[in-house]
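Visitor: Chains as they are written, first to last, in my numbering: chain A, 105 to 447; chain B, 105 to 447.
Simulated from the structure, these hints should not be mistaken for lab results. Where is the CB? At the ideal position from N, CA and C, for every residue including glycine. One thing to keep in mind: the hints can contain errors.
Unchecked claim - Per the computed footprint, the stretches of chain A lying under chain B, defined by three or more beta-carbons under 8 angstroms from a beta-carbon of chain B, are:
{"#": "1", "region": "130 to 139"}
{"#": "2", "region": "267 to 278"}
{"#": "3", "region": "406 to 416"}
Number of protein chains: 2
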Amino acid sequence: MSEQRISETALLALATRALTAYGMPVADAADAAGVLVLADMFGIHTHGVSRIESYGERLDLDGINKTPRIEVTRIAPGLLMIDGDNGVGTLIGARALEAIMQAARETGIAAGFVRGSNHFGPITPYGWRAAEAGFASIIASNATTTIAPTGGKEARLGNNPIAFSMPNADGDHVILDMALSVVARAKIRDANKRGEKIPDTWATDRDGFPTTDPAAALDGILLPIGGYKGYGLSVMVDLFAGMLSGAAFLTGVKSWVDSPEEPQNLGHFFVLIDTARFASAGELASRMAAFTDIIHSTPAADPQRPVLLAGENEMRSLAQARADGISLPKDLIDSLEKKAAGH
Amino acid sequence: MSEQRISETALLALATRALTAYGMPVADAADAAGVLVLADMFGIHTHGVSRIESYGERLDLDGINKTPRIEVTRIAPGLLMIDGDNGVGTLIGARALEAIMQAARETGIAAGFVRGSNHFGPITPYGWRAAEAGFASIIASNATTTIAPTGGKEARLGNNPIAFSMPNADGDHVILDMALSVVARAKIRDANKRGEKIPDTWATDRDGFPTTDPAAALDGILLPIGGYKGYGLSVMVDLFAGMLSGAAFLTGVKSWVDSPEEPQNLGHFFVLIDTARFASAGELASRMAAFTDIIHSTPAADPQRPVLLAGENEMRSLAQARADGISLPKDLIDSLEKKAAGH
């Protein structure tokens, strides 16, 4: 597949026009596109502008609201409730983040709880924007059910992503953005194609028992990291992002694939902490330098593979994208151009 | 080993007297003991009053300050910095939690960042107290280095505990309190005694490579849950609890065992969210009932082992301790009595 380089500005304009062609107002389309373009700049192409087509399918079916009225209510000095009115998730996420940053600037810490949302992209772009503005963050979302409670044999929990970020004065913010399964389903599919066994920590068979057979695993359910620990993390994310926000939770979250015309009512939460309140910029910079030095100077088991911090690959990809543009499949750019031109 | 039942009141009085005998003022001793007694009521005996002896050793060496002046500074409406002045960790933790709950009542969300602390017990007691007062919580601490960064062959991170809690009107709060290693070192020791191999996800050998040999693992380093995910979580906890609070972090945390006379300068952080701001008590109760029902009704792989929520065993243990008293080894009670009597 041939790749093409495109600048951030050009990709943002293109993605915005494509979303506008699906019926979104231009200001909303630009905000929704901004998160997806950042995802591509971080190298997270599975969650970048390639998603516009599937967002568009649901916009066409009115499964997502083209013209949502996003409501932000300040329920306490440090707490915001955000009703996304079933808009595109990355639009709701971007607007929520803005509002929460404003509140956190006043109170030192603020949290936003979002309901009525949809897939809001990867979390790294939000964590990075928060870090750029000096905020440490904890951000998470619930998701369609793909994980079983420990000891159970039915998926009742999402592979809920959770992310933490900490600003670094040198621009290399530390950002951990992870889902809770040991591996993505694609990795099991790959093992199946190659006819290889898988570790029994990756998935259960359809009866809820750990399996080393990738075919049985594909028929079964993904296992979370650390067994009951990852299961517990998935529960807690859904309690914060779904239950407390007033969004759908657990099996109440509608499947994107099975019911494309029904609102998913996903929930997210964002906690932002203003690091400028803690110490001078110089002091924080020097602590971060000391911290990252200790990690980077760890002797590596394999000298060819030095120790990295969470987000380091993404920060490198971002720097490269800014310098040289973003490399994307030509087919993808062509199909966005076609959509944007109204074909 | 013979066990003895003792009531909460009697154990609290006894633990308080023992800590007083090590030189702590009685009000401080009572607060420090309260967390440990709760740990025992939750069945977490490894982190209960059995710790008083090791706390006492360090109090005797002045490695922990007997009469700390704990300073709470409100650096923003929703942010507190707490300097524990190297007091007993459970005293500092209990006082910090009180101050943060007060702030969170005003602002809806508040966080406290603690430096100058020591081992503050398990997190479940803090999460439970927060939940009893209607607060959802995220609480974590850094710790002495026992975990290597992914790909590294030296321990540079703690097995940092992190906990999440969500209040439930029926009293069965959901509390996840976990360390970040796949298993505790004790489990590897057990396998070694039995001459059994271990999964290669538990630990590395001394050269940083995953091993199935328990002897090599005991000579090596614990592995975190989910590989780079657990490593990343450990980093993020230390960035929040250590770096941001101004406490020691990573290899800067002194070993409790190797340098008992030196302050550890551990760091913790607490984020509390007032759930009463979100919806009426009745509405929250009904959402929690719906949530817990969905989890509990999951068909179990083994019908003898129904699906549980995080903290469920601890809540049962608490109910039993309240009804029948706390069961502890007679030796432990005897040694606390002896210490309390000044022998």
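Visitor: Would you mind marking each hint as holding or not holding in the structure?
Guide: Hints versus structure:
Residue count for the region 130 to 139 of chain A with a Cβ under 8 angstroms from a Cβ of chain B: 0. That is fewer than the three needed, and the coverage hint is violated. Counting residues of the region 267 to 278 of chain A whose C-beta lies closer than 8 angstroms to any C-beta of chain B gives 3; at least three are required, and the coverage claim holds. Remark: the region 406 to 416 of chain A is confirmed as covered by chain B, as 7 of its residues place a Cβ nearer than 8 angstroms to a Cβ of that chain, reaching the required three.
In terms of the numbered hints stated before, the structure departs from hint 1 and from no other.
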